[in-house]
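Listed in order, the protein sequences are those of chains A and B.
Going from the first sequence to the numbering used here is simple: count from 1 and add 1.
Going from the second sequence to the numbering used here is simple: count from 1 and add 107.
It is worth saying that the hints were derived from the structure and are not from the lab.
There could be a bad hint or two in this list.
Claimed, not checked - Here are the computed lysine-lysine pairs in the DSBU-like style, where the Cα-Cα straight-line distance is at most 35 angstroms:
1) K135/A x K55/A
2) K62/A x K24/A
3) K221/B x K135/A
4) K55/A x K132/A
5) K24/A x K132/A
6) K132/A x K554/B
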Amino acid sequence: MLAPVAAPRAQAPDSGSITGRIKLTTRVRAPLPSNAYPSRSIGKHEAPPIPEIKNVVVYLKDAPFRGALPVSRVELHQQNETFVPHVLAITRGSTVDFPNDDPFFHNVFSLSSAAAFNLGRYPRGQSRPAKFAKAGLVKVFCDIHSHMSASILVLEHPYFTIPGTDSNYEIRNVPAGQYTIVGWHERVGERSASVRVEAGRPVTVDLTVPVEDVP
Amino acid sequence: MTSPTGAQPPRLLVKTLAVIFVTVALLLVAVFVVVTVSVRDQVRQSVAASLESGQRIFAAVESRRQRELQMQAATLAENPTLKATIDTFAAEARTSSGAQRTLWLNTIGNELDKVAARVDADALVLADARQITLAAAGRLGDRWPRGRPMALAGARAGDAGDIGIGRASGLLFRVVSVPLQLADVPIGTLYLATTLDQRYAEELATLANARTAIVSDGLLVASTLPETTARQFEAAPESRQQVGTVLLDGQSYAFRRLVQMGGTSFYALGSIDESSQAATRTANRNLGVIATGAAVLALLASFWLARMLTEPVGRLSASLANASQAHDVRVQLPLTGSSREIDALTKTFNAMMASVATAEEQTQAAYTGSIRALATALDARDPYTAGHSERVSVLSVAIARALNLPADEIEVIRLGALLHDIGKIGVPDAVLMKPGALTDAEFDIIKQHPAAGARILRSVPFLVPHIPIVELHHERPDGRGYPHGLRGDEIPMAARVVHVADAYDAITSKRAYRGSRPSSEALREIWRFAGTEFHAEVVGALATALPGVTTGGGALVAEQVHA
Chain A
2 MLAPVAAPRA
12 QAPDSGSITG
22 RIKLTTRVRA
32 PLPSNAYPSR
42 SIGKHEAPPI
52 PEIKNVVVYL
62 KDAPFRGALP
72 VSRVELHQQN
82 ETFVPHVLAI
92 TRGSTVDFPN
102 DDPFFHNVFS
112 LSSAAAFNLG
122 RYPRGQSRPA
132 KFAKAGLVKV
142 FCDIHSHMSA
152 SILVLEHPYF
162 TIPGTDSNYE
172 IRNVPAGQYT
182 IVGWHERVGE
192 RSASVRVEAG
202 RPVTVDLTVP
212 VEDVP
Chain B
108 MTSPTGAQPP
118 RLLVKTLAVI
128 FVTVALLLVA
138 VFVVVTVSVR
148 DQVRQSVAAS
158 LESGQRIFAA
168 VESRRQRELQ
178 MQAATLAENP
188 TLKATIDTFA
198 AEARTSSGAQ
208 RTLWLNTIGN
218 ELDKVAARVD
228 ADALVLADAR
238 QITLAAAGRL
248 GDRWPRGRPM
258 ALAGARAGDA
268 GDIGIGRASG
278 LLFRVVSVPL
288 QLADVPIGTL
298 YLATTLDQRY
308 AEELATLANA
318 RTAIVSDGLL
328 VASTLPETTA
338 RQFEAAPESR
348 QQVGTVLLDG
358 QSYAFRRLVQ
368 MGGTSFYALG
378 SIDESSQAAT
388 RTANRNLGVI
398 ATGAAVLALL
408 ASFWLARMLT
418 EPVGRLSASL
428 ANASQAHDVR
438 VQLPLTGSSR
448 EIDALTKTFN
458 AMMASVATAE
468 EQTQAAYTGS
478 IRALATALDA
488 RDPYTAGHSE
498 RVSVLSVAIA
508 RALNLPADEI
518 EVIRLGALLH
528 DIGKIGVPDA
538 VLMKPGALTD
548 AEFDIIKQHP
558 AAGARILRSV
568 PFLVPHIPIV
578 ELHHERPDGR
588 GYPHGLRGDE
598 IPMAARVVHV
608 ADAYDAITSK
618 RAYRGSRPSS
628 EALREIWRFA
638 GTEFHAEVVG
648 ALATALPGVT
658 TGGGALVAEQ
668 VHA
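Bound conformation, chain B alone (with noise of 0.2 angstroms):
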């Protein structure tokens, strides 16, 4: 590891899922800025368009208002004794008497009542052929006081059906006018004047299906906008407009202006705010919902992603960290298949392996062969000694398959065995192949071969496992044994194989002071010191292992240690 504790790089799946989260809300937060401004957009044209279909309708059904409303005054203006009356009063209204004109006048008011209570307006005005007043009736008639002069402004008088926006008294009036004829002769005038007020401008919104406003000659008259925001249209320049966008408010409305008479001008307006609020509402919900999907969805892919990839890499190092902790360069890691590369590393990682494992071998098999031939050598120094390395190796894996040893520990007992005397070659040949009795001090030198045998050992690394063998191998269950003077238990087991197997050899092999021994005489003589010398247990090994590696003179056969 390069990087110092505390500060390690973070863990992939942390990465994978910030890179797929961040890109997750990156598309999410594109998604909702388009849709607000697609949904702004549609609903701004969707509220354009209804309010232009609700001009076509207003100009539509107002036509045939006005056509009605002419037809409805022109039958009106039929009426044989408002114009009688009318007519005779004109021709001697100077030279009548006071009387005589009341008459009349009453006459003219009687029936202009009768029409107006059969009339849809506000108020019905009856002006003669100077524009003077002869009798108003209807809910406002009596803003029209008898004798003054028709005082409509803006609507003009005589024009058949005419219709027009005309002030009285402070109200905006839409006017129809029609004249009254005899003949073709025109005498006088009908005004049916309806109130351009809350009333109407609320009629009007329920017709275009949006909010209406009315303003004449810049000033608002009525609206079923809400007052602030109605005074803010009056006072807009984009109220002069046929159509348009304006804010009120700080809500944006569409507008239109549905049909302008005069310098009044009837217009329909709708929020696109109010409208799009509805519908990025629910815009937003869905988004929301979809971005809550997608972040689950994205831990999950990021959780996956980031195993897929983390699984078989960890399980390749933990494979990696087993075999080194081991020293266990056999391993061969199963292909994953989760991915090309992870297997093509996996492949790798266990070819290289193998021929780590084969390199391993060869060194393994070049020491064992250099130790082999040391062994042989030492063992040929003395001539009575010559293959008892290979003997013991051969008896000692005999006993300890008879002991239902592991096979690894078989192993390690083969090349153990065959490495037990390694220490002699620190002993000199006049105390090695002395042929009489050993002096205490001489005795000495032969009891220091198993520990110079350990240092020996200690230098080869894959030797270690054997040191044991070479070291403890005269050490006896009674505790008499060198160089420690361990006891029973301490001793390990492949110590003890080789120690029996060792004796074996020696009891029956020839020696330069007396002759070599049978078998049964060995046997017996090793099964004196059973317990005490050595371990009972291996000594009754021995006796079950000794007939499959003995001649039947009892000699040992030497086989190959390595098969």
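For reference, chain A alone in the conformation it holds in the complex (with noise of 0.2 angstroms):
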């Protein structure tokens, strides 16, 4: 379920990691006590609300790779009218598949310029996959049910990761050399920081997003 993280290799020998603890500032979600059309989601009791942290990508940006670049294959799952994981990341050429787990029909479609698809209606059970060949933030929706949607976040390089329920991440395998870190969340904004990476030592860098407004 989770987005596996590039090649789970042996760690070369001319690389090394990038930890960190992630902070978010901003207050995402804002409900709303007057809305007079309230969330539809169904059993939501059962499905306990994805911490917000899940919802932060941190990669590198413009990182250079050489080589074929490994995809891979994941899923993002339709459940309680919603998707899960809400954010997702992978690098380019990967498949995603979509199942329904919901009792009644999904759909998925995109309108976004790194990949425009529909993949119709269809029931409980099915699953029908999209390969994403493009880099890009690519939004996903589902056209019966308005408000749910994902964002699958397609990179041209394996080094990014999604923290953990504690907040802190790790990138691994980082060929050394000077990068810009950035931790991106859909709404709330980015926060970028220059990294040096060198052979055998990790790096910490904790980024807080977006930016605190410090006098």
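Join the two chains, each given in its own frame, into one complex according to the hints.
Here it is, written out as structure tokens:
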């Protein structure tokens, strides 16, 4: 279920890892008490809300990668009228399966320039794949349930990760060099920082998303 | 009468009429004032009540309408295409190509147009999470150009189903806004704007059943009032209050604030004058009918009242006038029965007249008694003429009855005959009782006694009617009588009768110079002179009357003169 990070091969000798902690400073969800049209999600009590930290992607900006880009095949479920996970990061060329776990029809479509598609409507138990051949941000929706959405970040390299629920992250097998590391959230925004990776030595970068206005 | 001619006091009728009329007029004026004031007061209350109920209806309808608008807007906001497009556009607006952006915006605009077609709003505006206008649709949608910050001053964005008043490019809108959300995350806002224009004011007026005015931040937005009136209401300080009364263009209006949203107030107004005019007109018309009826009734009542008072009084005074003119004190007025007071007055009057009549009779009786005594005394001067006056009186009455003379004339004759020789009081005994023939001079003295008698009687008013008998009882139809030498019909009937009776008694009485002569001889003697010395018809009557008043021998029976 979790997106596997690149190829879990042995640590290359000339590479290091980046670790750190992500801090979200802005309240993302704003439940509206007077909303005349409340969320129609069913069985919410059975599915505890995914922590907002899981909607953050940490990646290296414009990191070069030579050779064949490792691809993966991951699943993005439709459960309780929600795309799970809400945010996904994959390498270009990877395939995402969209299994329907709900006892009713769902639809998956996207209008994004990186990948515009419509998988049509299908019932429980079925799954339809989509292959992402272009890098970029792909927004995925369901035309039956207007409140459902997911974001898929398609990258040209495997140097990315999604922090754990404890807000810590680690990007391994990063070739030594100078990089810009980005902490990205689809709505709150992003924060980037310079990082120098040296072989065999982990560096620590803590990011606050977005930038705190410190006077 | 104490008042001089020309300044008579007014008639009782005029007085009663004036009093009743003034009373009725005052009452009517008071009723008119009370009715007008109370009608106005009631109309004011009813207008206020109608405005209040209008407000309740409006509040109920408006709150329902707002709920429905919110529901409608919320449902419209759940458009998956709109949401997907907005969210995708937001994620890629900076990085994607111009053609791609145009595609997304067209998609949004197309969806919004479809939505607008189904919504009863003048404008639908879609703003993104940063309140930048993405698209606008509807009749007035072109007032929100794309890419500008959403301009709807006063309307708060973001809150679900928030309703407020907003101003955009000079127009006032009632705005319902709903957020577009993905899960619980807002991605934009949809605004439904309805203009608060004349059409809305009219719709409101129909709903509230009153005139309406919409005032925003002290400025008039729309109104169903006449232009000048509406402007005055805009300027009136009362228009800041919740409820009250205000004078606009000379007319009194009750007003009530239907609802207030921010600086914008919706007022319902009702003209009190307009409403009260109809009611007052009806009341006044009824009052006019009542006034006319009351005036007529007052007139009739015054007539009746005045007549009730004046008629018996008038009758009383007329009877009194008649009685005083006829010197008749024996009048008795009938009771009118119109009122106790008038009857009491009549009774008192009658009692007074009765006592006056009694006194009059006693006086007359006393007079008559005195005169009879005088006549008897005169007769007694000469033994030969003793009882003469009494007998002449009796015979005269008999003759008068035979002639069918009226009863009152007979009464005059009775007393007149008794007194006919009263003038002889001035004739000396030597002449009166001379046994031999009289000289001319002596006879002249005798001939003066009728005139002397008349002079005596003239001094006693109630004996005036008897004067002709005393004065003329020696006149003859042939004109050779004395003192005036009257002829025929010139001599009153009473005098003729007494003349005949006097002659009869003289002939049948014993005299110093001769004995008494029988009745038949006397009658024959008188007959002989019928037409010359005596009136023939009276002589005829004498013949008829004699048997009833004479003894067998022809001597007259001296009756009691007064029964």
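Tested hints:
1. K135/A x K55/A: holds (23 angstroms)
2. K62/A x K24/A: Given pair K62/A, K24/A holds - Cα atoms ~19 angstroms apart, limit 35 angstroms.
3. K221/B x K135/A: holds (33 angstroms)
4. K55/A x K132/A: OK: K55/A and K132/A at ~23 angstroms, within 35 angstroms.
5. K24/A x K132/A: holds (32 angstroms)
6. K132/A x K554/B: violated (185 angstroms)
Of the hints listed earlier, the one the structure fails to meet is number 6.
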